[in-house]
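Heads up: the sequence lines are chains A and B, in that order. Everything in the first sequence is counted per this note's numbering, starting at 32 for the first residue and increasing by one. Everything in the second sequence is counted per this note's numbering, starting at 4 for the first residue and increasing by one.
Note that these hints are calculated values from the structure, not bench results. This structure is a prediction, so every number in the text was calculated from the model and none was measured. Check each hint, because a few of them may be wrong.
From chain B, some residues computed to sit far from chain A (all C-beta separations above 10 Å) [as the list claims (entries may be wrong)]:
(1) L27
(2) G246
(3) R263
(4) K284
(5) T362
When the alpha-carbon atoms are kept at most 25 Å apart in a straight line, the in silico SDA-like pairs for lysine to any residue are as follows [to be verified]:
(6) K83/A / K88/B
(7) K63/B / Y117/A
(8) K90/B / D80/A
(9) K78/A / T91/A
(10) K248/B / P189/B
(11) K78/A / D370/B
(12) K164/B / K248/B
(13) K83/A / P189/B
(14) K83/A / K164/B
(15) K90/B / Y117/A
(16) K132/B / P77/A
(17) K78/A / G388/B
Glycine included, C-beta positions come from ideal geometry on N, C-alpha and C.
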Amino acid sequence: MNQNLHEPIEVDATFSRNILGHCRPIAFRTQNGREVLIAQIGLVHPKYDGLKTTYAFDLTDGATDYRITLDTDSLNWYLEFEGDHYE
Amino acid sequence: MNDVMHIDLNSCFATIEQQSRPMLRGRPVAITNRITPNACIIAASYEAKAAGIKVGMRRKEAEAICKNIIFAETEPSKYIFVHEKLKHIMQDYSPDVVMKSIDEGVINLAVAPPHTKTRSRTEIGYEIKHRLLTEVGDYMRCNVGIASNRFLAKLAAELHKPDGLDEITPENQRAVFATLKLVDLPGINTRMERRLNAVNIFTPLQFLDADEQTLVKLVCKSIDGTKWYQRLRGIEVDDYLSGIKSVGRQYVMESNKLSREETRARILHLSEDVGYRLRSKHLYARGVYVWTYGYDDVYYHKSTILKNAIDTDQDICRNASRLFMQLPNPARIIGVTLYKLQRQPSAQMTFDQERIDRTERVCLAIDKINYRFGTRKIHSASSHGTEHVKTKIPFGSTRYLDHSIT
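Okay, chain A solo, but in the shape it has when bound (with noise of 0.2 Å):
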């Protein structure tokens, strides 16, 4: 299924120095409690509304695309997108 969201969650991060950027995420739990482990990350980019900034991280745990973002205000992190199928 696929869905828009933009429901918090928990995430268990690097932050190393590294060509990418510093900060990657490893794993994820969702309000339910679901845990997802990352196997690759595929895009981060910053987003920006005025002068705030969020990090959207494109990634995947080798079955689903998920976007997750990072509001770089608060320091929340988000689940904004989770995809399992194209069409």
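Fit chain B to the supplied structure of chain A, relying on the hints for placement.
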């Protein structure tokens, strides 16, 4: 040594979507501005191109050719991010980098620092390819063309797609040209091909061997003939930056059932957008041009040239609205363009100067708020309800690829 390097991202938007969403990789993907049955394809992945999908096709046509094609809607923030990353990589090699569009740019290595200038050009080209993979994403590919001028470098970049790297030198130029058709050369379309055919030039090699007078007097009938003569010989004639002559935006209507008032609201939305772009470049406009393309396939347009140059949303909207009311509705595509641009406001003061100054201050305050809190946080009431008329991908010019339109 060849000093011009042309970098071109392969099937840019489609590849970025495949980079972004790993499940799309290896599958035919078409990118459209909106997911509607009549949406026009603006980019296709190499898998889609192999299945016969072409840029410009309608969604229905594409689905008839390729049953398993996947449609994805454009997401400008991703493309602008990749554009910026590519530009930063290129700027590491020379201070003279010109981005020709969102997915291609030119590096002039003639002015590069000595430690770069002395390096092999192909080595630099492969390094840029590698950096694109490691710094943007492992699915990103680009074509690199190396030559002595922009024209030949772009041609070299188009020789082996995707992921090619080619150099055109005086030694291999004739061999390269022998494999091409006239329309394969950048800047040669079917009309120019017909003009060349008229003087018995049918191949790029014949074009290369043509004398300057033939090109000036018989083909181009202008100084352009000399430019082509030099361009083909690797002499740089395209190293210039053109100024801004107009600022415009267009919008493909989402429905044919919109009332005149609803269409007018979209015209005002476009007017506010072009106004913001105009002011972001510190320009003023004297010309306002409004056009519509009707469902009867007829192009309608109205324009006005004002005595005093304008730059505020209020003035632009008032003029655009007045012009639009003289055009027929419904429309399939609408557009607003400002032209006759100038750097200074009109010197002549008017009796109405106090009102003009007040309007300018209000406009400036709105721009500041929108810059701080995001595009269209404040806008005119008349354009309310048109939030879906968001800015799509600016093809060609990269002048407005800043945060304000993401």
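**Prompt:** Hey, K132/B versus P77/A, does the alpha-carbon distance stay inside 25 Å?
**Reply:** 23 Å, holds
**Prompt:** When you look at the beta carbon of T362/B, is every beta carbon of chain A farther off than 10 Å?
**Reply:** 23 Å, holds
**Asked** Is the hinted pair K248/B and P189/B satisfied, with a Cα-Cα distance of at most 25 Å?
**Response** With a Cα-Cα distance of about 23 Å, the restraint between K248/B and P189/B holds, given a limit of 25 Å.
**Prompt:** Holds or violated: K164/B with K248/B, Cα cutoff 25 Å?
**Reply:** This hinted pair is violated, its Cα atoms lying about 34 Å apart.
**Prompt:** Going straight from one Cα to the other, do K90/B and Y117/A come out at no more than 25 Å?
**Reply:** 31 Å, violated
**Message:** For a C-alpha distance cap of 25 Å, please report whether K63/B and Y117/A respect it.
**Reply:** With Cα atoms ~17 Å apart, K63/B and Y117/A stay inside 25 Å; holds.
**Request:** Please work out if K83/A and P189/B have their alpha carbons no farther apart than 25 Å.
**Result:** Violated, at roughly 41 Å.
**Message:** For K90/B and D80/A, compute the direct alpha-carbon distance and say whether it is at most 25 Å.
**Reply:** Holds: K90/B and D80/A sit about 22 Å apart, inside 25 Å.
**Request:** Please work out if K83/A and K88/B have their alpha carbons no farther apart than 25 Å.
**Result:** Answer holds: K83/A to K88/B is near 20 Å, not above 25 Å.
**Prompt:** Was G246/B rightly flagged as not at the interface, with every chain A Cβ beyond 10 Å?
**Reply:** G246/B clear of chain A: closest Cβ-Cβ about 27 Å, beyond 10 Å.
**Asked** Is the Cα-Cα distance between K78/A and G388/B 25 Å or less?
**Response** 23 Å, holds
**Request:** Say whether it holds or is violated: R263/B keeps its Cβ farther than 10 Å from all Cβ of chain A.
**Result:** 32 Å, holds
Checked against the numbered hints listed earlier, the structure breaks hints 1, 12, 13, 14 and 15; every other hint is satisfied.
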